[in-house]
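Using the hints, position chain Z against chain L.
First to last, the sequence lines map onto chains L and Z. Residues in the first sequence are numbered from 44 upward in steps of one, following our numbering. Residues in the second sequence are numbered from 18 upward in steps of one, following our numbering.
Keep in mind that the hints were calculated from the coordinates and are not lab data. Be a bit skeptical, because a hint or two may be false.
Unchecked claim - DSS-like mimics (lysine-lysine), calculated; alpha carbons at most 25 Å apart, straight line:
| id | chain 1 | residue 1 | chain 2 | residue 2 |
| --- | --- | --- | --- | --- |
| 1 | Z | Lys225 | L | Lys307 |
| 2 | Z | Lys156 | Z | Lys225 |
| 3 | Z | Lys34 | Z | Lys47 |
| 4 | Z | Lys323 | Z | Lys34 |
| 5 | Z | Lys34 | Z | Lys197 |
| 6 | Z | Lys225 | Z | Lys150 |
| 7 | Z | Lys197 | Z | Lys225 |
| 8 | L | Lys307 | Z | Lys197 |
| 9 | L | Lys239 | Z | Lys287 |
Note that the structure is a prediction, hence the values are computed from the model and not measured.
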Amino acid sequence: MLRVRDLAVGFDTPAGFLRAVDGVSFDVHAGRTLGIVGESGCGKSVTASTVLRLVPRPPGRILGGEVWLGEQDVLTLPSDDLPGIRGNEISMIFQDPMTSLNPVFTVERQLFEVLAMRFGMSRQQAHARSVEMLRTVGIAEPESRLRAYPHELSGGMKQRVMIAMALLCEPRVLIADEPTTALDVTIQAQILHLIKDLQQRTGTAVILITHDMGVVAETCDDVAVMYAGRIVETGGIVEVFDSARHPYTRGLLASIPRRGQGRKAELPTIEGIVPSLTAPIEGCRFAGRCWKRRTLGAADAARCASEDPALRAFAGGEVACHFPVEGTVRPEEMTS
Amino acid sequence: MSDGNGAVPILQVENLKKYYPVRGGVMGRKIGDVRAVDGVSFSVREGETMGLVGESGCGKSTLARALLRLEDPTDGTVLFEGNDIATASKQDLFQLRRDLQIIFQDPYSSLNPRMTVGEIVREPLLVHGVGSKEEQVRKVRDLLETVGLSGDVIERYPHEFSGGQRQRVGIARALALEPKLVVADEPVSALDVSVQSQVLNLMMRLQKERGLTYIFVSHDLSVVEHVSDTLAIMYLGRIVEHGPVDAIYGRPAHPYTRALLEAVPVPDPKQRRVSVPLEGEAPSPVSPPAGCPFHPRCPFAIEACKAAVPALEPVGAKVVDGQAEHFAACIRQGEI
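Isolated chain Z, as found in the complex:
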């Protein structure tokens, strides 16, 4: 299947769910579910970046982990180049993992403190038995240089490095097996602004050079806007809006997306917001509200919003090759 720009989706996710059981009582029986990811569908084209945003507890990190099957999904499919990651056997998964890598948020806890930087970057090559020892060592040096660290850091340990340098090590490790898709879970959130821009530049350069596809998970909407082609906004386990970055930032269709964009402080004192911020907090995913999950906080909610969970529907008239690109899950999206 091809779409819009003729580029083939490298990843297609259909109705993905991840529930965690809630246990209670003296026998520890299952009394309910935390619906961390509750029926999510989207696709990502090769060589593009999809930003995945939402606030804490919305399920974005669980979704990122379920895509790589670091968590077993409860239901749904995750098609990567036609292979279903969600149901793949252990052996198939082992092979698929060469193409799918992850960069974690915290460069302080995601690197083993007892391994040298060289050992950390080489580990995936050892596990997958790629090349001879000499080839592996050469590759590790190349990778470290690619991410802007000199090759002679291989004997050093993670604690000798700053946060930004550690994140570079994490990126080198993720690139070792030459993956096609990299999930980056809040990769710059723990870094200072000037270092953050260095790591973002590196990630964008690597994408250009290697044709990488990124899923970029972040709560920082300015960063996401800068690096992404498309965007998915999550609220309480569901995608509430999905589409090209320019369309969403230019004309957000879902009230939650609007509130989120309005809440971002602009680094310009002459553009201060005057609007009163969105009230309340996201409800618990153990007992989500009936109907649209956002209706209790939504300034536009009407009675009908409590009736059913709204489906993602096309926004506006922009259609490419018979397929809409911009979707929102709000029954009032046309009128607000």
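Here chain L stands alone, though its shape is the one from the complex:
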């Protein structure tokens, strides 16, 4: 449904040119959900915005790559064609609902504009469809909510209005960037349930961007783990959670507190910080923090510092590591 190839995006910053996304490729298939996970600054949100060409420029610059939606490359389309893609073909849900909602118009007016543009609906038709969709996303008293302005709604309700708006378009691809991060767990569960439900009915391909491994485990079919502007590991959800091959993925999964882990036990951590993306990086981006590298001989460890590992295939996925992890690893081994 959507094929992204060698995407590279950078930003001019006071500290120099920052390569936020540096050669990212992935596919999303109809009716499936791809989770893109990683920590702040890994490039996951920039990747998502680039798919819709929403990166502000300046300071942003798309340095290269292709985003194939069917037979069209979104990155080479004339700007005039973009509004037709956004919303119609690809919709996006953001963490902050006010990114998509206009504070000076009522909910009804905003939903009407979407439906009029997308399906040429009359006001009456749009009203009926909007009421139905608000009810579907779990908003009580939809008639009176339609007359409300965004500021009159609670955070959870604004989020649901934005989701209703995205789903009303019946997009082929839905990109959800931290859609539930600002919400309470019970509301989060409702919204994830809703996205899943609609996906099953319409076959929408979903890209879910999140830092929450629980949310990924619960909702995704495939997962791509990003680190410092690159995908370092990708594969089926069960493979990655059960037998991740990249030392970063292993460390990330180990650092989450889990049920039955032993209360007040020391949690594994990933020491150090993400490298600066304004300077060129030699070798593997994770080498400086890698627990696995510390177990290697001098020659192998030197290879990690000098040679940039490419993604290569293994059973059930791909990993960018010269010395992929195998078997079980005790938490102590990761926190040397």
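Relative to chain L, chain Z alone:
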């Protein structure tokens, strides 16, 4: 008074209330109250951690602030080692504050950007006139090293640090006066998972070394389970369940606690939930429903639930030294 394990409660809270007036009309007369905290009682034993959980608007942050009298309570008592914080005079409060400190959620806004890290950590020592200048400077270096920052960061400003490092500065500041009780209000919510585990490890280590008592406010149930000994769950200004962590996670007695635990996504794709999530949102604390505040969303509600606010009653038969440990406020807790 002693209880269960022979440990003395360091903090005893009785019927604490914090109401905010709602004003309306042209004269701005008081027309009602927001019952942010509505009659809360609990105790915390020395050296233990009490997790305080609930969703946004449940009153947990207001309660945390009222405990330290950063907000003046409307009614009730907060006994800290026998002294009532709720009614203490200004001078008494000033002395009590040495023993009671707070760590805030947002390490970006809780540190003064115009002060160096050294000045920030030293400020409480200056305010309370602890030690000579040289002693204070030495103490600041020690504190920064204790929280894992090298002593030579004292000349630097908060903006030069990452979120995790800033939270370490916040912890160093909270420890400066060697407090006995630390209220941590969502201390890791703004941090990435790998950094979150570092800060949690630090907090647990400090507790062990210094015998600190924590009140750990969080919406993240996995984190709370990992760090807490006891737990209080709030809904709409009231505690609906209170007791040892293992008892509550093992056999939640209140329907809201159950729903909350079920809503937490598990980071294991082989354990996906199939249950339909709890519906609706928490009602407004300005006009709470009659009877049990949870009854409009509760799958087990019966007519009697609308009649009166249920009191916290002992759960099951586990009694230590004649005192129950696990309490829930639900009239059907035995039968559901």
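Hints and how they fare:
Only pairs whose Cα atoms come within 25 Å are accepted, and Lys225 (chain Z) paired with Lys307 (chain L) is accepted, the gap being roughly 10 Å. Proximity of Lys156 (chain Z) to Lys225 (chain Z) is assessed by CA-CA distance (about 20 Å); at most 25 Å being required, the pair is judged to hold. Simply put, Lys34 (chain Z) and Lys47 (chain Z) have alpha-carbon atoms about 18 Å apart, close enough for the 25 Å limit, and the pair holds. The suggested pairing of Lys323 (chain Z) with Lys34 (chain Z) holds, with an alpha-carbon distance near 22 Å, which does not exceed 25 Å.
For the hint linking Lys34 (chain Z) to Lys197 (chain Z), the alpha-carbon distance of about 24 Å falls within 25 Å, and the restraint holds. The suggested pairing of Lys225 (chain Z) with Lys150 (chain Z) is violated, with an alpha-carbon distance near 29 Å, which exceeds 25 Å. Under the criterion of a C-alpha separation no larger than 25 Å, the hint pairing Lys197 (chain Z) with Lys225 (chain Z) is consistent with the structure, at around 12 Å. The suggested pairing of Lys307 (chain L) with Lys197 (chain Z) holds, with an alpha-carbon distance near 19 Å, which does not exceed 25 Å.
Distance check on the hinted pair: Lys239 (chain L) and Lys287 (chain Z) sit about 17 Å apart at the alpha-carbon level, within 25 Å; holds.
Of the numbered hints listed earlier, the single one contradicted by the structure is hint 6.
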